[in-house]
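Asks: Protein sequence lines, in the order shown, are assigned to chains D and X. The first sequence begins at 0 in numbering that gives the first Met the number 0 and counts up by one. The second sequence begins at 0 in numbering that gives the first Met the number 0 and counts up by one.
Check each hint, because a few of them may be wrong.
Which copy? The list can't say, so a pair holds if one copy fits it or any two copies do.
[Said to hold, decoys possible] Here are the simulated lysine-lysine pairs, BS3-like style, with alpha carbons at most 25 Å apart:
| hint | residue 1 | residue 2 |
| --- | --- | --- |
| 1 | K286 | K85 |
| 2 | K103 | K85 |
| 3 | K85 | K24 |
| 4 | K210 | K287 |
| 5 | K113 | K138 |
| 6 | K115 | K138 |
| 7 | K115 | K85 |
| 8 | K304 | K115 |
| 9 | K228 | K113 |
| 10 | K230 | K287 |
| 11 | K238 | K228 |
| 12 | K241 | K287 |
| 13 | K115 | K144 |
| 14 | K144 | K113 |
| 15 | K62 | K135 |
Keep in mind that the hints were calculated from the coordinates and are not lab data.
Residue strings, one per chain:
2 protein chains.
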Amino acid sequence: MFFRRVAFLLFILILSARLAAAQTKTVAERLGYPADAKLLIIHADDLAIAHSEDAASFEALDKGAVTSASIIVPGPWLTEVADYAKTHPDADLGLHLALTSEWKTFRWGSVESKDKVPSLLDSAGALWPLTENVAKNVKSQEVEKEYRAQIERALAMGIRPTHLDTHMGSALSTPEILAVYVKIAHEYHLPILAPRIPGDPLKLSALLNEKDVLVDSVTIANPSVQAGKWKEFYLDAVKNMKTGLNEIIVHLGHDDAELQAVMVDHPDYGSAWRQRDFDVVSSLEVKKAIQDNHIVLIHWRDLQKLVQ
Amino acid sequence: MFFRRVAFLLFILILSARLAAAQTKTVAERLGYPADAKLLIIHADDLAIAHSEDAASFEALDKGAVTSASIIVPGPWLTEVADYAKTHPDADLGLHLALTSEWKTFRWGSVESKDKVPSLLDSAGALWPLTENVAKNVKSQEVEKEYRAQIERALAMGIRPTHLDTHMGSALSTPEILAVYVKIAHEYHLPILAPRIPGDPLKLSALLNEKDVLVDSVTIANPSVQAGKWKEFYLDAVKNMKTGLNEIIVHLGHDDAELQAVMVDHPDYGSAWRQRDFDVVSSLEVKKAIQDNHIVLIHWRDLQKLVQ
Chain D
0 MFFRRVAFLL
10 FILILSARLA
20 AAQTKTVAER
30 LGYPADAKLL
40 IIHADDLAIA
50 HSEDAASFEA
60 LDKGAVTSAS
70 IIVPGPWLTE
80 VADYAKTHPD
90 ADLGLHLALT
100 SEWKTFRWGS
110 VESKDKVPSL
120 LDSAGALWPL
130 TENVAKNVKS
140 QEVEKEYRAQ
150 IERALAMGIR
160 PTHLDTHMGS
170 ALSTPEILAV
180 YVKIAHEYHL
190 PILAPRIPGD
200 PLKLSALLNE
210 KDVLVDSVTI
220 ANPSVQAGKW
230 KEFYLDAVKN
240 MKTGLNEIIV
250 HLGHDDAELQ
260 AVMVDHPDYG
270 SAWRQRDFDV
280 VSSLEVKKAI
290 QDNHIVLIHW
300 RDLQKLVQ
Chain X
0 MFFRRVAFLL
10 FILILSARLA
20 AAQTKTVAER
30 LGYPADAKLL
40 IIHADDLAIA
50 HSEDAASFEA
60 LDKGAVTSAS
70 IIVPGPWLTE
80 VADYAKTHPD
90 ADLGLHLALT
100 SEWKTFRWGS
110 VESKDKVPSL
120 LDSAGALWPL
130 TENVAKNVKS
140 QEVEKEYRAQ
150 IERALAMGIR
160 PTHLDTHMGS
170 ALSTPEILAV
180 YVKIAHEYHL
190 PILAPRIPGD
200 PLKLSALLNE
210 KDVLVDSVTI
220 ANPSVQAGKW
230 KEFYLDAVKN
240 MKTGLNEIIV
250 HLGHDDAELQ
260 AVMVDHPDYG
270 SAWRQRDFDV
280 VSSLEVKKAI
290 QDNHIVLIHW
300 RDLQKLVQ
């Protein structure tokens, strides 16, 4: 009996020590890099919404201009992306879980059967246009159904996602949706994009376990960046990058007739914006700045291994 | 009592005479043209599947190169077409009722909730790729639900359809689906594209009433037409056009990156095909041949008035 008690106590001690070690180790250390490494994922959002978006993103993935990308499963071009995923098994592709369909002339609906997720749909039968509509209208149990449907559809199409993230940040729009997002990620053993927010207003930390990975810093262009200062914006982000896990999120596309029509009357994140993002991530200056600043490019697949 | 009987008999006689007159009058006469007029609808199919398709079709409608067009309601660009319909209330737009989603990398699903129409969907959750799949798999009561959902969605989007026709002819693929197609058309008081088929194997005539309109001749390009003989094919059709109600069906688009991607590996009805159709219907030679052959261009809206 005594030995059994000692063995049990020893087990608890070892477990606690391992948990403490896991919690105190930085992501860089957990990946085998020095504790003060600057890790960077360059990530393309919104695959499967348009051929122009897919073509630019595939090219950027192929030449290493981005390290990862994520897919809007209800997008009509899902099969094009699934074909790419099958012929490029090393491509680091996640799912850009979507609760919104934001463009004016071009919409998509739910993957789940419509009558099972009525709170997710607007009067045109499409997902809500804005994150505010999502926060106000959706039922979290219907979000869970739709998230599961998006993941299962991707798996059925032969896509092996390396991570989950969130289109227009709608997974972070209420504590209830955030709880679903984390729960599903744990079930599928996938890392999620979840940034540290001072004060933790969404109570994210209470949802996480010791394996989970938080991104320390996310850089994304915004409407205040002038078109002529586009490269400067990203070069500044790279030059000022800090120790920890960083992600630069870009939206890639060609400024062509298709993308101009998808993004009509929407200059923010529009087709010219996406062309600029493509041109900048493809530039030698950005590549050189990453090297000069001793930044380690990583993939979501690396982080996926940490949450198994 | 005697007078009531006489009055009733008189009523029956007048009704019979009117029915006989309606049945013996040609469509041309019913529209106020000479009985031997050559009537022609030039019709663009497949609106709402791609911006390239929409842009080419809108241009052809605006300049009168086609007189009518029809919309694939489950197509992701439905809102673009609905916007056009609202700003062009005279545009003659019908619904291209769809039970198929035939392209390789770009798919659409049902408008009706998926769990209500499972026999209409393939394993990817999209409508079947081929008409043969439709004929083999669908349940006609689910076709009825989907047809109603497509019509109601179009109405809700502000589209006022002038007619119904059938994407890839799937409404004509079984007698049961044809019966649904005619029933729905009668309910909504819309004319349908239904060609005369020798021997009437689908028992169409038994479904029709005295107001219904049949198209006497449908011309559509097929894979045996060489690209270099495209204009000749249509000019021959115009020059040899016979008395009665004729329709030339075209598929319009620009041979650009978007349409090339939608129609990848599919030269039949592909993007170059659609560019050729656009170029030919826009040509002065076709316009002149129509005039020289005393052909009367009409719209489905004209036929819509006959079925009220």
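Asks: Look at each hint and say if it fits the structure.
Replies: These are the hints, each one checked on the structure:
1. K286 with K85: Neither, since 28 Å and 48 Å both go past 25 Å.
2. K103 with K85: between (31 Å within a copy, 14 Å between copies)
3. K85 with K24: neither (35 Å within a copy, 60 Å between copies)
4. K210 with K287: Intra 33 Å, inter 74 Å, cutoff 25 Å: neither.
5. K113 with K138: both (14 Å within a copy, 20 Å between copies)
6. K115 with K138: both (11 Å within a copy, 22 Å between copies)
7. K115 with K85: neither (30 Å within a copy, 31 Å between copies)
8. K304 with K115: neither (34 Å within a copy, 40 Å between copies)
9. K228 with K113: neither (43 Å within a copy, 47 Å between copies)
10. K230 with K287: within (13 Å within a copy, 55 Å between copies)
11. K238 with K228: This pair counts as within: shortest intra-copy Cα distance 15 Å, inter-copy 60 Å.
12. K241 with K287: For K241 and K287, only the intra-copy Cα distance (17 Å) is at most 25 Å; the inter-copy one is 71 Å.
13. K115 with K144: For K115 and K144, both the intra-copy (8 Å) and inter-copy (17 Å) Cα distances are at most 25 Å.
14. K144 with K113: Both ways: K144 and K113 sit 11 Å apart in one copy and 14 Å across, limit 25 Å.
15. K62 with K135: So K62 and K135 fail the 25 Å test inside a copy (41 Å) and across (45 Å) alike.
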